[in-house]
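> Chains A and B, in that order, are what the protein sequence lines are. The numbering of the first sequence is this note's numbering, which starts it at 1 and goes up by one. The numbering of the second sequence is this note's numbering, which starts it at 1 and goes up by one.
It is worth saying that the hints were derived from the structure and are not from the lab. Just so you know, not all the hints are guaranteed correct.
Capping the alpha-carbon separation at 20 Å, the derived lysine to any residue pairs in SDA-like fashion look like this [as the list claims (entries may be wrong)]: (1) A:K106 - B:A14; (2) A:K32 - B:R22; (3) A:K106 - B:D70; (4) A:K32 - B:F85.
Taking beta-carbon pairs under 10 Å as the criterion, some of the chain A residues facing chain B (in silico) [as the list claims (entries may be wrong)]: (5) K116; (6) L117; (7) P126.
Where is the CB? At the ideal position from N, CA and C, for every residue including glycine.
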Amino acid sequence: MVLLTRKAEFSSAHYYWNDSWSPQENQRIFGKCANRNGHGHNYTLEVTVAGEVDPVSGFVVDLKQLKDILEREVVSVYDHRHLNLEVPEFATRIPTTENIAISIWKRLDGKIPNAKLHRVRVYEMPDLFADYYGEP
Amino acid sequence: MSGPGEPRHPTPAAAPRAHLSRRYRLSAAHRLHSDAFTADRNRAVYGKCNNPHGHGHNYIVEVTFSGPVDPETGMVCNLGDLDAFAQTHLLDRFDATNLNTLEVFRDLVPTTENLTIEIYRIFAAFPGASLARVSIQETSNNSFAYLGPIDSQKG
Numbered sequence: 001m002v003l004l005t006r007k008a009e010f011s012s013a014h015y016y017w018n019d020s021w022s023p024q025e026n027q028r029i030f031g032k033c034a035n036r037n038g039h040g041h042n043y044t045l046e047v048t049v050a051g052e053v054d055p056v057s058g059f060v061v062d063l064k065q066l067k068d069i070l071e072r073e074v075v076s077v078y079d080h081r082h083l084n085l086e087v088p089e090f091a092t093r094i095p096t097t098e099n100i101a102i103s104i105w106k107r108l109d110g111k112i113p114n115a116k117l118h119r120v121r122v123y124e125m126p127d128l129f130a131d132y133y134g135e136p
Numbered sequence: 001m002s003g004p005g006e007p008r009h010p011t012p013a014a015a016p017r018a019h020l021s022r023r024y025r026l027s028a029a030h031r032l033h034s035d036a037f038t039a040d041r042n043r044a045v046y047g048k049c050n051n052p053h054g055h056g057h058n059y060i061v062e063v064t065f066s067g068p069v070d071p072e073t074g075m076v077c078n079l080g081d082l083d084a085f086a087q088t089h090l091l092d093r094f095d096a097t098n099l100n101t102l103e104v105f106r107d108l109v110p111t112t113e114n115l116t117i118e119i120y121r122i123f124a125a126f127p128g129a130s131l132a133r134v135s136i137q138e139t140s141n142n143s144f145a146y147l148g149p150i151d152s153q154k155g
């Protein structure tokens, strides 16, 4: 088995807010991330898939095909959007880096031919990232 | 764009487990030298890292925590709390220091292996989440990782 990783980038706005808390509690827990006007990041997505090397093509997956899947399932939905306001899964879930990684896993799981999703890593910035391995 | 049959406001299921990693940067001097070795042996083992007046690095410390994503916050651990903890217990303690002068390295060579294990011990005490891994990049060409356990002989 070989692991293969493809990167993609998207730039999005978000804020952190839990409707069931008071504004003061949101400020206390989320700090400046709770500013309701939102702020943004250049996110880097790394998707790692696991599979066997095809003896004819020498590929685990066709990278162009994987790039197109990432574009269709994730980048076209997230890029240059406000995650809280425009991406359906974040209407009810706070778009933290952890939740973005989980949501991207759900978007990609089962959609990559001949390979198994192994890890979704989302960098919010170079010094902060979340990994999701599909653990329930 | 929700899938068919997917409720608009689903009740949070059992929280999935994720990993959160954060990097901190610190600059410090060190010299690799063991009192157990002769001068010649120190030079043979540590090479230029044994030069008497020390040298320094911009270390990049990466800490990884794992745990269920809290359905109320969407987080494995609160980043503000983690940054405050790192400021007090990592950066205030190690940044812009000479590692050889610190108590923890009084009888321990401040290799990056030993620094990694010490920093693992420090972050294992962070109350907000479960520590999975500490890695330190000493230069762009070398890095070290420790996944535990905590050395029971120390600390």
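> Confirm or reject each hint.
How the hints compare with the structure:
1. Between K106 (chain A) and A14 (chain B) the CA atoms are separated by roughly 15 Å; this keeps the pair inside 20 Å, and the hint holds.
2. The straight-line distance between the Cα atoms of K32 (chain A) and R22 (chain B) is roughly 18 Å, inside the 20 Å bound, and the hint therefore holds.
3. Straight-line distance between C-alpha atoms of K106 (chain A) and D70 (chain B) comes to about 18 Å, which keeps the hinted pair within the 20 Å bound.
4. Distance hint between K32 (chain A) and F85 (chain B) is fulfilled; the C-alpha atoms sit about 18 Å from each other, no more than 20 Å.
5. Here the hint on K116 (chain A) is broken, as its CB sits about 17 Å from the closest CB of chain B, past 10 Å.
6. Evaluation of the L117 (chain A) hint against chain B yields a violated restraint, the C-beta minimum of about 14 Å exceeding 10 Å.
7. Taking 10 Å as the C-beta cut-off, the interface hint given for P126 (chain A) holds, the closest approach to chain B being about 7 Å.
Consistency with the previously given hints fails for numbers 5, 6, ordered from lowest to highest.
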